[in-house]
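Chain residues, written in single-letter form:
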Amino acid sequence: MPQEKKESLVITTSGKRSIHEVARDLKDAGFEVEQVLDSINVVTGKGDAGKLRSVQDVVDVSGDTPVDIGPPGSSVS
Amino acid sequence: MATKKARRARSENGHSNGSSNGAQVSTNTDALLLAALQAGNDAATTGRFLVTFKEGAAEQGAEHLESVSGFRTANARDFTGQAVALEATGDAEAVVFPEIGVALIGSEAAASRGMTAEAAIEEDSPVQSIDPEYFMFATAVNTADYMRGILRMAQMISADLGEAQAGAEEQFDVSPEALGATPGLILSRVPFSSRDGNGIKVAVLDTGFDLGHPEFTGRSIAQQTFVGQPVQDLHGHGTHTAGTACGPKSPPGLIPRYGIGFRTQMFIGKVLTNSGSGTQAQVLAGMNWAIANKCPVISMSLGAPVPPQPSYTAAGAAALANGCLIIAAAGNDSQRPTIIKPAIAPANSPTVMSVAALDINLRPAVFSNGGKVDISGIGVNVFSSFPRPTLHKTLSGTSMATPHVAGCAALWAQTSSALRGTALRAKLIATALHLPLPASDVGAGLVQAPPF
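Quick note, the sequences are listed as chains R and H, same order.
The first sequence maps to residues 26 to 102 in the numbering used here.
The second sequence maps to residues 53 to 504 in the numbering used here.
Heads up, a few of these hints could be off.
[As the list claims (entries may be wrong)] Straight-line alpha carbon distances no greater than 27 Å define the calculated DSSO-like cross-link-like pairs of lysine-lysine that follow:
id	chain 1	residue 1	chain 2	residue 2
1	R	Lys31	R	Lys52
2	R	Lys31	R	Lys76
3	R	Lys52	R	Lys71
4	H	Lys346	R	Lys41
5	R	Lys41	R	Lys71
6	H	Lys106	R	Lys41
Just so you know, the hints here were simulated from the structure itself, not pulled from any lab data.
Produce the complete structure using the sequences and hints provided.
So, in structure tokens, the structure goes:
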């Protein structure tokens with residue numbers, strides 16, 4: 026049994042059907058849904074990217090990336 | 053014949069570059085610029101055209117371009133997350149952006165079909181307007197004259213305050229105290245606008261806000277955290293950026309005006325922790341919240357040096373579709389003039405407005421990223437609010453330039469309920485102070501407040 030690879034993911038959907046339906050399909054495909062962002066058609070959570078790209082109305086599956094503005098006190102931000 | 057007609061039409065319009073330069077939709081900006089410069093004159097147009105479809109007629113318009121006009125068409129929807137790389141559109145003669153209802157037409161394709169900006173548009177056509185695509189480059193504004201005007205105005209304000217010093221004519225004091233407002237506000241002509249942003253919701257997605265800052269007492273502040281920490285800002289960055297976009301008109305004592313939309317409704321989304329970091333998912337959650345709350349202006353002084361993200365592009369498109377405009381920092385990774393790094397995400401998404409930083413001499417800040425830049429704001433030595441007990445601080449970065457654009461966007465949004473989403477973006481670009489610098493450094497130029 027290969028070990029399942031779970032990573033934090035950002036999934037962009039097409040908006041062609043209810044995002045809640047897409048989220049349910051993602052859950053059925055093993056995705057741990059954390060946020061359903063229905064104003065921007067994005068679902069976030071943890072799972073194996075390779076298994077989720079084929080879910081209907083999934084447009085993109087990307088790893089969650091860190092975002093920053095630099096530490097407090099930095100001169101340029 | 054058709055080619056000749058198109059050329060003549062552009063000449064009459066005063067924007068001719070002398071010849072059709074063969075610009076395809078996939079031609080990169082450098083090549084377009086080179087062709088335009090080689091053609092001589094003072095090239096203002098790329099030779100390409102932007103077709104704007106009537107509201108709700110984007111699908112019909114795309115169909116019209118293909119079947120009636122016979123253009124080989126690429127559609128943004130064919131790209132993952134609609135992140136269109138124009139260079140990757142191959143031999144397409146037109147690229148349709150269905151979410152914003154615009155198509156870009158290559159110059160040869162336009163010329164061969166007699167397309168001009170002056171062509172009469174039939175009433176039942178899905179097309180609303182046909183406009184030349186402009187370089188945001190080398191326009192007729194004389195920056196030196198403009199700066200002299202600004203200095204004269206500032207001297208008058210300074211004299212009004214009774215603070216004019218002997219010899220001010222020769223050695224001008226550009227300190228915020230002398231100006232009565234920060235240089236960033238003056239150069240964007242904020243003090244000369246009668247607008248205050250009243251009724252406009254401005255979302256600032258950042259490290260939160262000092263909710264007890266004495267200069268914001270009585271302000272309407274909606275707040276939400278997305279990082280599991282209270283919205284109260286222990287970092288300072290969010291209080292500074294929100295201060296520029298939404299701060300008071302008349303801070304107490306000798307503190308200069310540093311805020312633009314002083315009667316805006318503030319929506320503070322904490323998407324970065326008190327250490328100044330977060331994740332894309334948290335940032336997206338903040339964008340979702342701001343759009344769900346129909347904030348016409350969403351200011352984002354944050355990012356990551358990664359390629360355009362489909363999720364951000366989708367969020368930007370959703371924002372525009374809901375009458376919201378996302379304004380984001382281009383990033384501070386450059387060391388000009390030797391190293392110019394590309395704009396970061398989310399600013400690098402086509403549906404997000406990307407802001408570069410200028411210094412008060414209207415030159416790109418040494419750190420300011422380039423490439424996908426839409427507009428600029430002052431971002432060097434920017435004075436604004438900071439959490440208690442400090443109250444104020446002077447900081448630099450495209451983070452500081454961004455809320456200058458967001459604040460001015462709120463003022464423009466107040467002038468007309470039609471100025472939302474793409475229309476608001478177009479207004480900011482059309483009214484920016486053009487600078488004799490490449491668009492890849494400064495975009496359309498320095499953001500300007502409404503002059504009324």
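Hints, verified against the model:
The suggested pairing of Lys31(R) with Lys52(R) holds, with an alpha-carbon distance near 13 Å, which does not exceed 27 Å. Restraint check: the Cα-Cα separation between Lys31(R) and Lys76(R) comes to about 11 Å, which is no more than 27 Å; the hinted pair holds. Distance restraint check for Lys52(R) and Lys71(R): the Cα-Cα separation of roughly 10 Å lies within the 27 Å cut-off, and the hinted pair is therefore satisfied. Between Lys346(H) and Lys41(R) the CA atoms are separated by roughly 21 Å; this keeps the pair inside 27 Å, and the hint holds.
The hinted pair formed by Lys41(R) and Lys71(R) meets the criterion: a straight-line CA distance of about 23 Å does not exceed 27 Å. For the suggested pair Lys106(H) and Lys41(R), the alpha carbons sit about 22 Å apart, so the restraint of at most 27 Å is met.
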